[in-house]
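Participant: Starting from the known structure of chain A, arrange chain B on it as the hints suggest.
Here is what each chain is made of, one letter per residue.
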Amino acid sequence: DIQMTQSPASLSASLGETVTIECRASEDIYSNLAWYQQKPGNSPQLLIYDANSLADGVPSRFSGSGSGTQYSLKINSLQSEDVASYFCQQYNNYPWTFGGGTKLELK
Amino acid sequence: EVQLQQSGPEVGRPGSSVKISCKASGYTFTDYVMNWVKQSPGQGLEWIGWIDPEYGSTDYAEKFKKKATLTADTSSNTAYIQLSSLTSEDTATYFCARGAPFDYWGQGVMVTVSS
Chain A
20 DIQMTQSPAS
30 LSASLGETVT
40 IECRASEDIY
50 SNLAWYQQKP
60 GNSPQLLIYD
70 ANSLADGVPS
80 RFSGSGSGTQ
90 YSLKINSLQS
100 EDVASYFCQQ
110 YNNYPWTFGG
120 GTKLELK
Chain B
7 EVQLQQSGPE
17 VGRPGSSVKI
27 SCKASGYTFT
37 DYVMNWVKQS
47 PGQGLEWIGW
57 IDPEYGSTDY
67 AEKFKKKATL
77 TADTSSNTAY
87 IQLSSLTSED
97 TATYFCARGA
107 PFDYWGQGVM
117 VTVSS
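Protein chains in written order, with our numbering: chain A, 20 to 126; chain B, 7 to 121.
No lab work stands behind these hints, which were simulated from the structure alone. None of the values given here were measured: they were computed from a predicted structure. Please note that the accuracy of each hint is not assured.
As the list claims (entries may be wrong) - Only pairs whose alpha carbons sit at most 30 Å apart, straight line, appear in this in silico DSS-like list of lysine-lysine:
hint	chain 1	residue 1	chain 2	residue 2
1	A	Lys58	A	Lys126
2	B	Lys29	B	Lys72
3	B	Lys25	B	Lys71
4	B	Lys73	B	Lys25
5	A	Lys93	A	Lys58
6	B	Lys29	A	Lys126
7	B	Lys25	B	Lys69
8	B	Lys29	B	Lys71
9	B	Lys72	A	Lys93
10	B	Lys69	A	Lys58
11	B	Lys25	A	Lys58
12	A	Lys58	A	Lys122
13	B	Lys29	B	Lys73
14	A	Lys122	B	Lys69
15	B	Lys72	B	Lys25
Unchecked claim - From chain B, some residues computed to sit far from chain A (all C-beta separations above 12 Å):
hint	residue
16	Val17
17	Ser23
18	Val24
19	Ala67
20	Lys69
21	Ser82
22	Gly114
A virtual CB, placed ideally from N, CA and C, is assigned to each residue, including glycine.
Extracted from the complex, chain A is given alone in its bound form:
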């Protein structure tokens, strides 16, 4: 199974700040990577797919980058509604696997 290592596990940032979350795969996943946002009590929502494509309706302050085994999610100009947990997921090899998550809080 492909292991997805996500960092940091938690993050505290101020409004307006730029935040970056990293995800490392145990082998090349050829950009078959998605990022999800999950707010407390809600189901996850797709933010980014194919490593850098913005899902429909997602604000442009979210962006994804990376290739091979290293990927990142960047949130520009952090807003209060961005407080959530974020998960990466690879869909290159079965079983599809998720990172452990990053809990983002406001400072």
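Facilitator: Structure of chain B alone, referenced to chain A:
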């Protein structure tokens, strides 16, 4: 509008089974696989498997091959997951999610295993 409407919370006794549904609307049900994802309390996400509603074909993560059974009814546009031989480790929220990557999710069903 695409919607995945899941059934209500379940309580199951250890050793029993539960069956959860996920009714799809707003798109052609047979055009996308349906995935199931487990989220244990306060924990991350685990992919259980998917079903292709058009052909009924399935694929499971090894860990869930003896635990979960995925089915789909194209006449009602509904996908199902049955969890068998319940233990405390099955207490979790179970989501259905469309396609790959998972572009739409159900609201989740809390399954509690308790005697």
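Participant: Next step is simple, just say for each hint if it's right about the structure.
Facilitator: Outcome of the hint check:
1. A C-alpha spacing of about 17 Å is found between Lys58/A and Lys126/A, which places the hinted pair at or below 30 Å, so the restraint holds.
2. Between Lys29/B and Lys72/B the CA atoms are separated by roughly 24 Å; this keeps the pair inside 30 Å, and the hint holds.
3. With a CA separation close to 16 Å, the supplied pair Lys25/B and Lys71/B stays within the 30 Å bound.
4. Simply put, Lys73/B and Lys25/B have alpha-carbon atoms about 12 Å apart, close enough for the 30 Å limit, and the pair holds.
5. Only pairs whose Cα atoms come within 30 Å are accepted, and Lys93/A paired with Lys58/A is accepted, the gap being roughly 17 Å.
6. Pair hint Lys29/B plus Lys126/A does not hold up; C-alpha atoms about 40 Å apart against a cutoff of 30 Å.
7. For the proposed pair Lys25/B and Lys69/B, the alpha carbon gap of about 18 Å is at most 30 Å, so the pair holds.
8. Proposed proximity of Lys29/B and Lys71/B is supported: the alpha carbons are some 23 Å apart, at most 30 Å.
9. Pair hint Lys72/B plus Lys93/A does not hold up; C-alpha atoms about 39 Å apart against a cutoff of 30 Å.
10. For the given pair, Lys69/B sits about 27 Å from Lys58/A by alpha-carbon distance, which is consistent with the 30 Å threshold.
11. Among the hinted pairs, Lys25/B with Lys58/A is consistent with the structure: their alpha-carbon atoms are about 26 Å apart, no more than 30 Å.
12. In summary, the hint linking Lys58/A to Lys122/A is supported, as the alpha carbons are separated by about 10 Å, within the 30 Å threshold.
13. For the hint linking Lys29/B to Lys73/B, the alpha-carbon distance of about 22 Å falls within 30 Å, and the restraint holds.
14. Between the alpha carbons of Lys122/A and Lys69/B the distance comes to roughly 26 Å, so the proposed pair stays at or under 30 Å and holds.
15. This hinted pair checks out: Lys72/B and Lys25/B have alpha carbons roughly 15 Å apart, not beyond 30 Å.
16. No beta-carbon of chain A is positioned within 12 Å of the beta-carbon of Val17/B; the least distance is around 19 Å.
17. The claim that Ser23/B lies off the interface holds: its Cβ sits roughly 23 Å from the closest Cβ of chain A, which is beyond the 12 Å cut-off.
18. Distance check for Val24/B against chain A: the nearest CB is about 19 Å away, which clears 12 Å, and the non-interface claim stands.
19. With a closest Cβ-Cβ approach of about 4 Å to chain A, Ala67/B is found to fall inside the 12 Å limit, against its non-interface label.
20. A Cβ of chain A approaches the Cβ of Lys69/B within 12 Å, the least distance being about 8 Å, so the stated non-interface status is violated.
21. Separation of Ser82/B from chain A is adequate, the least Cβ-Cβ distance of about 22 Å exceeding the 12 Å criterion.
22. Not every beta carbon of chain A lies more than 12 Å from that of Gly114/B, the smallest distance being close to 5 Å; the non-interface claim is violated.
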